[in-house]
Amino acid sequence: MSLHRLTRPIPEPQVSFLLLSGGVGSRSQHHEPKQFYKLAGHPMIAHSIIAAVRTPHVAEVIVNAPEGFEERTREIMEAYCAGLPFKILPAGTTRQESCEILLDAAEKDVVVLHEAARPFVSVDMLTDLITSEAENAGYCHAIAFSMCKIDTDTRMVRSGVSREKVFDIQLPQKFGRATLQTAHATARKKGKVYNEDSVMVVKMTGRPVLSLEGSSRNRKVTTPEDFIIAEGMMKDFHSKGKVTTYD
Amino acid sequence: MTKTVLISGASKGIGLATARRFARGMDEVNCIVMVARKSDAFDNAVTEVRAISGNRQVFQIEADLSKPEAVKEVFDALERENIAVTTVVNNAGYTKPASINETKMSDFEQTMQVNVYSPFRFVQEALLRDHPLAKVINIASTAGINGRSGWMSYSTSKAAVINMSEVMRDELAPYGVDVVCLSPGRCATDLRKTLAPDEDPSTIMQPEQVADVIAMMHSPTGRMLLSENLVVRT
Chain B
844 MSLHRLTRPI PEPQVSFLLL SGGVGSRSQH HEPKQFYKLA GHPMIAHSII AAVRTPHVAE
904 VIVNAPEGFE ERTREIMEAY CAGLPFKILP AGTTRQESCE ILLDAAEKDV VVLHEAARPF
964 VSVDMLTDLI TSEAENAGYC HAIAFSMCKI DTDTRMVRSG VSREKVFDIQ LPQKFGRATL
1024 QTAHATARKK GKVYNEDSVM VVKMTGRPVL SLEGSSRNRK VTTPEDFIIA EGMMKDFHSK
1084 GKVTTYD
Chain R
501 MTKTVLISGA SKGIGLATAR RFARGMDEVN CIVMVARKSD AFDNAVTEVR AISGNRQVFQ
561 IEADLSKPEA VKEVFDALER ENIAVTTVVN NAGYTKPASI NETKMSDFEQ TMQVNVYSPF
621 RFVQEALLRD HPLAKVINIA STAGINGRSG WMSYSTSKAA VINMSEVMRD ELAPYGVDVV
681 CLSPGRCATD LRKTLAPDED PSTIMQPEQV ADVIAMMHSP TGRMLLSENL VVRT
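As they're listed, the protein sequences go chains B and R. If you count by my numbering, then the first sequence holds residues 844 to 1090, one letter each, in order. If you count by my numbering, then the second sequence holds residues 501 to 734, one letter each, in order.
Errors might be hidden in some of the hints.
List time: in silico DMTMM-like cross-link candidates among lysine to aspartate or glutamate, alpha-carbon distance up to 25 Å [as the list claims (entries may be wrong)]:
no., chain 1, residue 1, chain 2, residue 2
1, B, 1078, R, 666
2, B, 1078, R, 670
3, B, 1063, R, 670
4, B, 992, B, 976
5, R, 596, R, 670
6, B, 881, R, 699
7, B, 1046, B, 967
8, B, 1078, B, 1039
9, B, 930, R, 630
10, B, 881, R, 728
11, B, 1078, R, 625
12, B, 881, R, 625
13, B, 1063, R, 671
14, R, 693, R, 528
15, B, 881, R, 666
16, R, 572, B, 921
17, B, 1078, R, 728
18, B, 951, R, 630
19, B, 930, R, 625
20, B, 1078, R, 699
21, B, 1032, B, 950
22, B, 951, B, 967
None of these hints come from the bench; they were simulated from the model.
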């Protein structure tokens, strides 16, 4: 007999799942912020919640609500959290602020940070991240295209950038809550602005952050074209459980 | 992980045959939840399935699926027993064949309640209550593929089951849940006797044959056949 979630053993560590969802979606040209746009019938944000709820390490979900979409966010959380505790908090004026707002509400010593615009997160990805021995870790993916430095004044190509040492920073990421709080507090004090948290932690605390191998599938869905591509990818992504076809 | 199969309409016909099939051992299923209306036939069916189920557990839950609150009560009962459902076989069916002129709204509503709303509610409750659902098997009917004169409400309800299964297949994909939709043709059940009273049941498909297909669709082999509505007929 299968035991219900509430009666199953609870694996350690238990984590707070922080879900960034503060964006107003100006790039997606949709009548709602992009996290509410439907993918495979579910609001995009729900895909991340489904993966979190099905990961036994996740003890709570904490999410931002964009201004004016607090009620819509609550409806979605109630429909998808399946009894898992959740909190809805305002978004900040920057990503960094939104993240700190979520972080301050976290009750667990370990936090997993994710964003609603990455619906291809899976239970396996979350479990591998959470059970990684590193205190702080995140998915980084090799870059498949060539890059160069450009003089932005003259628009002249200046030099190449080695792909060997440069990686695409993806979410989810895992941090010790205290470490991430220190990083945010230090950045705020120094007036530093970061658009993601792994480099922030390294620079502001000196604590190591391990990079785990990301996936080309774990893409950020932002533009109208992204949604068309994501809708097609979604069926294949879930049809056989694991993402192996193109990776 | 151990598996628990919940079968609605398990007191007779395809539902009982399916319970027997799983009771004999199938795909690590070690718990069978039989759901049906209270009746002597149901008690006897559960006794019979328990007798052949070995170490597998067999739970009996009485529920009248023509009542809107019935599915919630089934899940309340599951929670009291700490049972987490991994497979739902939405098999319970109702019919009262009548022409358009003679169809009573109460009969039409009962048909939709049992055949459409209840299967939907089983899936919805499983998601909302965080059951580790992995497979949904909806029993539709060939009568849902084409409209059948004289069976308006039944035909309509089964068309809805086929369509609903397509939506479920897409929407449950993020949960990793497989959705199977089977449309049996003429099968020797009590429901068929209501639809075709003069037919000799021994000349048509037997419930055990449909149960074999359900068991196969539940197995890893069945995953290779997951696509659309599957017609099952002899």
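Hint check results:
no., hint, result
1, 1078/B to 666/R, "holds (13 Å)"
2, 1078/B to 670/R, "holds (7 Å)"
3, 1063/B to 670/R, "holds (21 Å)"
4, 992/B to 976/B, "violated (36 Å)"
5, 596/R to 670/R, "violated (32 Å)"
6, 881/B to 699/R, "violated (48 Å)"
7, 1046/B to 967/B, "violated (29 Å)"
8, 1078/B to 1039/B, "violated (29 Å)"
9, 930/B to 630/R, "holds (18 Å)"
10, 881/B to 728/R, "holds (22 Å)"
11, 1078/B to 625/R, "holds (24 Å)"
12, 881/B to 625/R, "holds (22 Å)"
13, 1063/B to 671/R, "holds (20 Å)"
14, 693/R to 528/R, "violated (34 Å)"
15, 881/B to 666/R, "holds (17 Å)"
16, 572/R to 921/B, "holds (17 Å)"
17, 1078/B to 728/R, "holds (14 Å)"
18, 951/B to 630/R, "holds (21 Å)"
19, 930/B to 625/R, "holds (22 Å)"
20, 1078/B to 699/R, "violated (43 Å)"
21, 1032/B to 950/B, "holds (24 Å)"
22, 951/B to 967/B, "holds (21 Å)"
When each numbered hint is compared with the structure, violations occur for hints 4, 5, 6, 7, 8, 14, 20.
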